[in-house]
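On the provided structure of chain C, position chain D as indicated by the hints.
Heads up: the protein sequence lines correspond to chains C and D, in order. 2 is the number of the first residue of the first sequence in this note's numbering; add one for each residue after it. 2 is the number of the first residue of the second sequence in this note's numbering; add one for each residue after it.
These are calculated hints, taken from the structure and not from any lab test. Because the structure is a prediction, the values reported are computed rather than measured. Errors might be hidden in some of the hints.
Pairs count within a copy or across copies, as identical chains cannot be separated in the list.
Distance condition first, Cα-Cα at most 25 Å in a straight line; then the derived DSS-like pairs of lysine-lysine [what the hints assert, rightly or not]:
id : residue 1 : residue 2
1  : LYS8      : LYS250
2  : LYS305    : LYS262
3  : LYS269    : LYS305
4  : LYS305    : LYS290
5  : LYS262    : LYS290
6  : LYS27     : LYS60
Protein chains: 2
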Amino acid sequence: MFRPQIKVCDCTIRDGGLMNDSHFPKEMVRHVFSCLARSGVDIIELGYRNSRTMFDPAKFGLWRFTDDDLIREVTDGVEFAGKIAVMQDAHKAFAEDLAPADQSPVSLVRVATYVHDIDKAIHLANTAVEKGYEATINVMSISHAIERELDEALQQIEEETKVSAVYIVDSFGNLYSEDVDFYVDKFRRYLKSCELGIHCHNPQQLAFANTIQGIIRNVNWLDGTLYGLGRGAGNCPIELLMSFLKNPKFNIAPLLEAIGKEIIPLQKDIFWGYSIPYMLSGVLNIHPKEAMRIMALPDSDPEKVDYVSLFHRLGDV
Amino acid sequence: MFRPQIKVCDCTIRDGGLMNDSHFPKEMVRHVFSCLARSGVDIIELGYRNSRTMFDPAKFGLWRFTDDDLIREVTDGVEFAGKIAVMQDAHKAFAEDLAPADQSPVSLVRVATYVHDIDKAIHLANTAVEKGYEATINVMSISHAIERELDEALQQIEEETKVSAVYIVDSFGNLYSEDVDFYVDKFRRYLKSCELGIHCHNPQQLAFANTIQGIIRNVNWLDGTLYGLGRGAGNCPIELLMSFLKNPKFNIAPLLEAIGKEIIPLQKDIFWGYSIPYMLSGVLNIHPKEAMRIMALPDSDPEKVDYVSLFHRLGDV
Numbered sequence: 002m003f004r005p006q007i008k009v010c011d012c013t014i015r016d017g018g019l020m021n022d023s024h025f026p027k028e029m030v031r032h033v034f035s036c037l038a039r040s041g042v043d044i045i046e047l048g049y050r051n052s053r054t055m056f057d058p059a060k061f062g063l064w065r066f067t068d069d070d071l072i073r074e075v076t077d078g079v080e081f082a083g084k085i086a087v088m089q090d091a092h093k094a095f096a097e098d099l100a101p102a103d104q105s106p107v108s109l110v111r112v113a114t115y116v117h118d119i120d121k122a123i124h125l126a127n128t129a130v131e132k133g134y135e136a137t138i139n140v141m142s143i144s145h146a147i148e149r150e151l152d153e154a155l156q157q158i159e160e161e162t163k164v165s166a167v168y169i170v171d172s173f174g175n176l177y178s179e180d181v182d183f184y185v186d187k188f189r190r191y192l193k194s195c196e197l198g199i200h201c202h203n204p205q206q207l208a209f210a211n212t213i214q215g216i217i218r219n220v221n222w223l224d225g226t227l228y229g230l231g232r233g234a235g236n237c238p239i240e241l242l243m244s245f246l247k248n249p250k251f252n253i254a255p256l257l258e259a260i261g262k263e264i265i266p267l268q269k270d271i272f273w274g275y276s277i278p279y280m281l282s283g284v285l286n287i288h289p290k291e292a293m294r295i296m297a298l299p300d301s302d303p304e305k306v307d308y309v310s311l312f313h314r315l316g317d318v
Numbered sequence: 002m003f004r005p006q007i008k009v010c011d012c013t014i015r016d017g018g019l020m021n022d023s024h025f026p027k028e029m030v031r032h033v034f035s036c037l038a039r040s041g042v043d044i045i046e047l048g049y050r051n052s053r054t055m056f057d058p059a060k061f062g063l064w065r066f067t068d069d070d071l072i073r074e075v076t077d078g079v080e081f082a083g084k085i086a087v088m089q090d091a092h093k094a095f096a097e098d099l100a101p102a103d104q105s106p107v108s109l110v111r112v113a114t115y116v117h118d119i120d121k122a123i124h125l126a127n128t129a130v131e132k133g134y135e136a137t138i139n140v141m142s143i144s145h146a147i148e149r150e151l152d153e154a155l156q157q158i159e160e161e162t163k164v165s166a167v168y169i170v171d172s173f174g175n176l177y178s179e180d181v182d183f184y185v186d187k188f189r190r191y192l193k194s195c196e197l198g199i200h201c202h203n204p205q206q207l208a209f210a211n212t213i214q215g216i217i218r219n220v221n222w223l224d225g226t227l228y229g230l231g232r233g234a235g236n237c238p239i240e241l242l243m244s245f246l247k248n249p250k251f252n253i254a255p256l257l258e259a260i261g262k263e264i265i266p267l268q269k270d271i272f273w274g275y276s277i278p279y280m281l282s283g284v285l286n287i288h289p290k291e292a293m294r295i296m297a298l299p300d301s302d303p304e305k306v307d308y309v310s311l312f313h314r315l316g317d318v
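Only chain C is shown next, with the shape it has when bound in the complex (with noise of 0.2 Å):
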């Protein structure tokens, strides 16, 4: 039996971007995107729409930009019944970096927040939303949110945006499933307008079983990524989404498709999935940044294994 109020969004080019710089070959895009679309997910991010006064060009690849040009030439001509989406960073983008609507193939625009950046995060969405699109609110970095301010920004959210859906995001991957059933009971009792979203991240292999824990409490906007590709440890496998997910408009083969022919040759260069760098970043409640450092570290570098020393310096927050 299905929630047919599920959606469910693909990250993989808009997360995974921060594995690489955003620099995903246009081909590998296109195919990435055609294996999505014949799987039925119902969003597609194709990667940030951040500001070129924001991240230098010369570092970043083109999908920390994706502008409506390079959309149409990865996706015209692919057959797409849902929405294709961007991400806007609340503290690096800029609401004139969006088009009308109506001259646009994104249909939802997703503003990423902290709690402190709140007033940019509503003036974006609701730029978005007068110019034609869907919005949605992200709450990143939810496990350092203090309580009060938190607080307060949902009941902002709720006057003052016509947002779809406001997003739990555990950019550190430390929430367990009480967490999850705290913060959306939270949100819920601020958010009475608007769907909730939840969008986990995998240092503590609790991904899945969060994003699992949130449609159990009735959350319905749901974020994953092929393979787990994402920041870290990554994100929520959509493939293990959907298959839990009994919606017969879903089909994993052709998720399946893109993981054996795209995802897994990236392991080559970058290094997300479980380790125990990205394990503990998860549980002592910290930015996977120098747990990236030491992922990437050639295998014969010893610090690569020292774990002990590792969670030792970590430990001292």
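The following block gives chain D in isolation, referenced to the frame of chain C:
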């Protein structure tokens, strides 16, 4: 806040032995044992006590038989406050292979059984208890159990044994949290005189989450392995489990030492952890042996990432 009744059992050498025919060097096991002992773990399962008439000693390593003398060799001189365990497979072990408990370094015998071998398991467990050991019965492949037979087996265990705990064993990693709830409730309904245990596998990245779900439902005997080493996708990583449990007697630093020095190097030869072949085994509720064959193929073999064909082939069950 922690629950003092909880007992954590490490199965690294036992379940990990299913990936290398139990061929671990003695020095490696001695170091692993010493790290586990320092971590404060309650039970260390050092291998199978199966019969040399059922496994060819020319093919299988010492930890498939785990004689008392072998255990003494790797544990003598190491301070350990917990219990040493061995596992006996109901259909591959004999009661006469246990010495009287007061002549053995082992104090716990864990009997693994399919539902249809429950009479053999009860015989083994009862013999172990008569000889002075504690015993558990671990009901394997729970996701394949026929419910009427399972009910009868649980009733028999309650009436005919004095085991300390009965385990729910999700051999195929097929259970979701709602299934854990279902089996815990069922086991508890029949088993009034012993603790419940849970042993999870990880093809769907749910081993740790389902162990937490067991904890929430008052399961007190919990299995894990270092870095999840175990059959197929492996087990609940004990370093995650101990980080979750707040008992101050636990210390994960020695676990990290063992993982860095002894477990990571095994990845050169054996392939556990999340992968699409294992994931499909879990989703389709089948034994991981075909997935294990595929994971052992060389990277150059195109079959290794032809996940779509594998999915269609495994789907006919």
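Going through the hints against the structure:
In this assembly of identical chains, LYS8 and LYS250 lie within 25 Å of each other by CA distance solely inside one copy; the values are 12 Å within and 44 Å between copies. Within a single copy, LYS305 and LYS262 get their C-alpha atoms only as close as 29 Å, which misses the 25 Å cut-off; across copies the closest is 11 Å, which meets it. In this assembly of identical chains, the alpha carbons of LYS269 and LYS305 lie at most 25 Å apart whether taken from the same copy (17 Å) or from different copies (16 Å). In the homo-oligomer, the alpha carbons of LYS305 and LYS290 lie at most 25 Å apart inside one protomer (14 Å), although the nearest pairing across protomers, at 32 Å, exceeds that limit.
For a Cα distance limit of 25 Å, the shortest separation of LYS262 from LYS290 across copies, 24 Å, qualifies, whereas the shortest one inside one copy, 28 Å, does not. Within a single copy, LYS27 and LYS60 get their C-alpha atoms as close as 17 Å, which meets the 25 Å cut-off; across copies the closest is 50 Å, which misses it.
Consistency with the previously given hints is maintained throughout, with no hint failing.
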